[in-house]
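**Q** Taking the hints into account, I'd like the entire structure generated from these sequences.
Protein sequences appear in the order of chains H and Z. Taking my numbering, the leading residue of the first sequence gets 10, the next gets one more, and so forth. Taking my numbering, the leading residue of the second sequence gets 137, the next gets one more, and so forth.
Bear in mind the hints are in silico, worked out from the structure with no lab data behind them. Computed from a predicted model, the values in this text were never measured in an experiment. Treat the hints with care, since some could be wrong.
The calculated lysine-lysine pairs, modelled on DSBU-like cross-linking and capped at a C-alpha distance of 35 Å, are [unchecked claim]:
#1 418/Z with 92/H
#2 92/H with 459/Z
#3 19/H with 386/Z
#4 459/Z with 37/H
From the derived model, a few chain H residues whose C-beta atoms are all more than 10 Å from chain Z [stated by the list, open to error]:
#5 31
#6 50
#7 53
Glycine included, each C-beta is placed from N, C-alpha and C at the ideal position.
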Amino acid sequence: MTDSRFVPLKHIVASELEDGDGVLVDLKTRQYYQLNESAMLIWSAIENGSSLSQIADRLTATYEVTNERAIASAETLFRQLQKHKLLRPSE
Amino acid sequence: MLEDFCFRGSARAPWRSNGSSTPKGTRHYSVADRTLCFQGVDELLDLVHDFLSGYYFTPADSSDVRNQPVHLIEIHRSAPPAFSSDNPGFAIEDGYCYPDQDQIVLRVNGSTIAVSAPELNRTDVWLSDTTASRHTLALNNVILYAVQAALRRGNMYQFHAAGVLAPDATRGMLLVGDSGCGKSTLTSILIRNGWRFVSDDNLLLRETPSGVLAWALRRYFTYDELTLDACKLRQFPDAIGQRVPGDRGKIRFYARRAFPESFVETCLPGVILFPAIGAGPKTRIEPVKSGDALARLLRQCPWAICDTATAPDHVRALATLIKQTSSYSVVTGRDVFDDPSSIPGLISQRINE
Chain H
10 MTDSRFVPLK HIVASELEDG DGVLVDLKTR QYYQLNESAM LIWSAIENGS SLSQIADRLT
70 ATYEVTNERA IASAETLFRQ LQKHKLLRPS E
Chain Z
137 MLEDFCFRGS ARAPWRSNGS STPKGTRHYS VADRTLCFQG VDELLDLVHD FLSGYYFTPA
197 DSSDVRNQPV HLIEIHRSAP PAFSSDNPGF AIEDGYCYPD QDQIVLRVNG STIAVSAPEL
257 NRTDVWLSDT TASRHTLALN NVILYAVQAA LRRGNMYQFH AAGVLAPDAT RGMLLVGDSG
317 CGKSTLTSIL IRNGWRFVSD DNLLLRETPS GVLAWALRRY FTYDELTLDA CKLRQFPDAI
377 GQRVPGDRGK IRFYARRAFP ESFVETCLPG VILFPAIGAG PKTRIEPVKS GDALARLLRQ
437 CPWAICDTAT APDHVRALAT LIKQTSSYSV VTGRDVFDDP SSIPGLISQR INE
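**A** Below, the structure is given as structure tokens:
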């Protein structure tokens, strides 16, 4: 499970801002989503092809959280992003 | 009224083909280093010229633009071809948009606009000859949609905002918000207090190596009667123009005639303000987080999300604009209404803290 990877769908445009926040624009549904700093960190890691365990490592290195909490947070975001059809599991 | 009567029924619009072969004309216009080439019969090109004269489009000679990329907008007298798209489309103001890969087809006020993929530098417009479609407002609307789409394909984005510069500032301030939020009123107060201006409501954004620049797009400001009085603008009778067709409550105001030394064609924005009219006693100016600021810009720029061919670059330009600026919300209080001249000081003090 910790080796699972996701990829952003092609019709998503992501913009990261100076303070770490970001915005995702879905060109299919014409919706946009605001991501806070930690969510944007996870999105950037997904774009770079990182696995769940690698993303958790980045979160624990950046924030004061346990590995379990980092994995749980990343999984929650994966589910939300999948629900809105912004990413899919890597093949 | 008379025109409606004359063209009713099966009467043809003056530009419809009657079998004779009227030669097509070509006219070039430049704005912010981008050139648009309009092709069509002279009656149609005259309509385009009248419309563009309200904006900072400069007629250009074809020899002047030989080495520049030119976007062709051809205006047809014939019926449009059939367009097939799997996309059900979505509503836009006065019409519908049908994206199809890198092309978009717009049906606006009965007329059809096909905007080709960016690399083709081409937009085709088929004007409808129904009475409603022939109305000047409808035609202007069609031309505006075509021009905006053509400019987007040159990485230039129409932006609903005012642009001003403080007296000694090197970077500009954009006032962003819906109609009625106080952009034009605030702009006029700032100008009367020595600020310079780019526009009260209509800008063109362009990403350059040194950042996103804002260019003046529309030549005139628009005010209602009350604001003209409140801002003491009637003392410039030469600057007051005609009522705005389609919005009779608004009057055109040519600010460059009233304040010729205060106009600047372009600026590099350093601050974004989101004004709103409040009911409290004091004006509040608060920082806006960058993610919220970008979301607000996206709400003002629907084509950044809807024109799929240009959306990635458009979103990136807006994100760059947010990165190069500090954003604030300004909720005006009664203090500003009691003493309008206090607002420039309030703004300058808060954003320099």
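**Q** Decide, hint by hint, whether the structure agrees.
**A** Each hint, compared with the structure:
1. 418/Z with 92/H: With a Cα-Cα distance of about 44 Å, the restraint between residue 418/Z and residue 92/H is violated, given a limit of 35 Å.
2. 92/H with 459/Z: 30 Å, holds
3. 19/H with 386/Z: Violated - the C-alpha atoms of residue 386/Z and residue 19/H are around 44 Å apart, more than 35 Å.
4. 459/Z with 37/H: The given pair, whose Cα atoms are some 26 Å apart, holds under the 35 Å limit.
5. 31: 7 Å, violated
6. 50: At about 13 Å from chain Z, residue 50/H clears the 10 Å cut-off, so the statement holds.
7. 53: 14 Å, holds
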